Amino acid sequence: KAGVTQTPRYLIKTRGQQVTLSCSPISGHRSVSWYQQTPGQGLQFLFEYFSETQRNKGNFPGRFSGRQFSNSRSEMNVSTLELGDSALYLCASSGDRGGTEAFFGQGTRLTVV
Amino acid sequence: GEDVEQSLFLSVREGDSSVINCTYTDSSSTYLYWYKQEPGAGLQLLTYIFSNMDMKQDQRLTVLLNKKDKHLSLRIADTQTGDSAIYFCAESPYSGGGADGLTFGKGTHLIIQP
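So the protein lines, in turn, are chains A and B. According to the working numbering, the first sequence holds residues 1 to 113 in order. According to the working numbering, the second sequence holds residues 1001 to 1114 in order.
Any given hint might turn out to be false.
[Said to hold, decoys possible] Each computed DSSO-like pair below joins lysine-lysine, with the alpha-carbon atoms no more than 30 Å apart: (1) A:Lys-57 to B:Lys-1067; (2) B:Lys-1036 to B:Lys-1070; (3) B:Lys-1070 to A:Lys-57; (4) B:Lys-1036 to B:Lys-1056; (5) A:Lys-57 to A:Lys-13; (6) B:Lys-1106 to B:Lys-1056; (7) B:Lys-1036 to B:Lys-1106; (8) B:Lys-1106 to A:Lys-57; (9) B:Lys-1036 to B:Lys-1067; (10) B:Lys-1106 to B:Lys-1070; (11) B:Lys-1056 to B:Lys-1070; (12) B:Lys-1056 to B:Lys-1067; (13) A:Lys-13 to B:Lys-1036; (14) B:Lys-1106 to B:Lys-1068; (15) B:Lys-1036 to A:Lys-57; (16) B:Lys-1106 to A:Lys-13.
[Said to hold, decoys possible] Just the calculated beta-carbon pair ranges, DEER-fashion: (17) B:Arg-1013 to A:Phe-60: 40 to 50 Å; (18) A:Gly-16 to B:Glu-1014: 44 to 54 Å; (19) A:Gln-18 to B:Met-1053: 40 to 50 Å.
No lab work stands behind these hints: they were computed from the structure. Quick caveat, the model's predicted, so the values are computed rather than measured. Just so it is clear, CB atoms sit at the ideal spot from N, CA and C, and this is done for glycine as well.
Whenever a hint applies, use it, and build me the whole structure from the sequences.
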């Protein structure tokens, strides 16, 4: 069974640009959650999607957005990039909130210069 | 608000037991997790415990939960060099688990001495 796939693995962007990251969940999983990992703040929850609907959102500005497609693949978008957006972005998939384990991808390392 | 605290570093000798501790503040947490992160990798779920349990054992891993003190620990028996990683404690507000809305600690770097 293939794991959670995140693309690209590495990305370098310039301040002010926008970026789109992709996450393909494990086959059959319908819940996709996104996390930002930085040395200073650690792992912080961005948002969760289930069946194309955002069910939960963390405390991030509106520049961070996401969506989920009918095949459960998810994308997150960051507009007007700031230096502080440099981080490892992780996505995780699970069947649902209830009674299932979550599996994380290897992440996308975003560097904003 | 919710908060999860962990020590930043733990150094143990190969073959000894490692005990990684975590405290959390949200008394409504229903699932508590331990994740492992190796360099350049994502998070690997090691084990989890329901908040109505006191202990869970899974091969070399033992999780102890003191719900009164909101204290969670992970014991790794016979620690090996391959156990060297960052270990994250996390709590879930939902009754079923998954990765939605997890609150993570800052992680404990486990260092193995030969």
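Right, here's what the structure says about each hint:
1. A:Lys-57 to B:Lys-1067: Between A:Lys-57 and B:Lys-1067 the Cα gap is close to 27 Å, so the pair holds against 30 Å.
2. B:Lys-1036 to B:Lys-1070: holds, 21 Å
3. B:Lys-1070 to A:Lys-57: It holds: about 25 Å lies between the C-alpha atoms, which stays within 30 Å.
4. B:Lys-1036 to B:Lys-1056: holds, 17 Å
5. A:Lys-57 to A:Lys-13: holds, 25 Å
6. B:Lys-1106 to B:Lys-1056: holds, 23 Å
7. B:Lys-1036 to B:Lys-1106: holds, 12 Å
8. B:Lys-1106 to A:Lys-57: This hinted pair holds, its Cα atoms lying about 20 Å apart.
9. B:Lys-1036 to B:Lys-1067: Status holds; Cα separation ~23 Å.
10. B:Lys-1106 to B:Lys-1070: holds, 17 Å
11. B:Lys-1056 to B:Lys-1070: holds, 16 Å
12. B:Lys-1056 to B:Lys-1067: holds, 14 Å
13. A:Lys-13 to B:Lys-1036: Roughly 29 Å separates the two Cα atoms, so the pair holds.
14. B:Lys-1106 to B:Lys-1068: holds, 22 Å
15. B:Lys-1036 to A:Lys-57: At roughly 24 Å apart (the allowed maximum being 30 Å), A:Lys-57 and B:Lys-1036 satisfy the hint.
16. B:Lys-1106 to A:Lys-13: Cα-Cα ~26 Å, so holds.
17. B:Arg-1013 to A:Phe-60: 40 to 50 Å: For B:Arg-1013 and A:Phe-60 the Cβ distance comes to about 42 Å; the hint holds.
18. A:Gly-16 to B:Glu-1014: 44 to 54 Å: holds, 49 Å
19. A:Gln-18 to B:Met-1053: 40 to 50 Å: Holds: the Cβ-Cβ distance is about 45 Å, inside 40 to 50 Å.
In this structure, none of the earlier numbered hints is contradicted; all agree with it.
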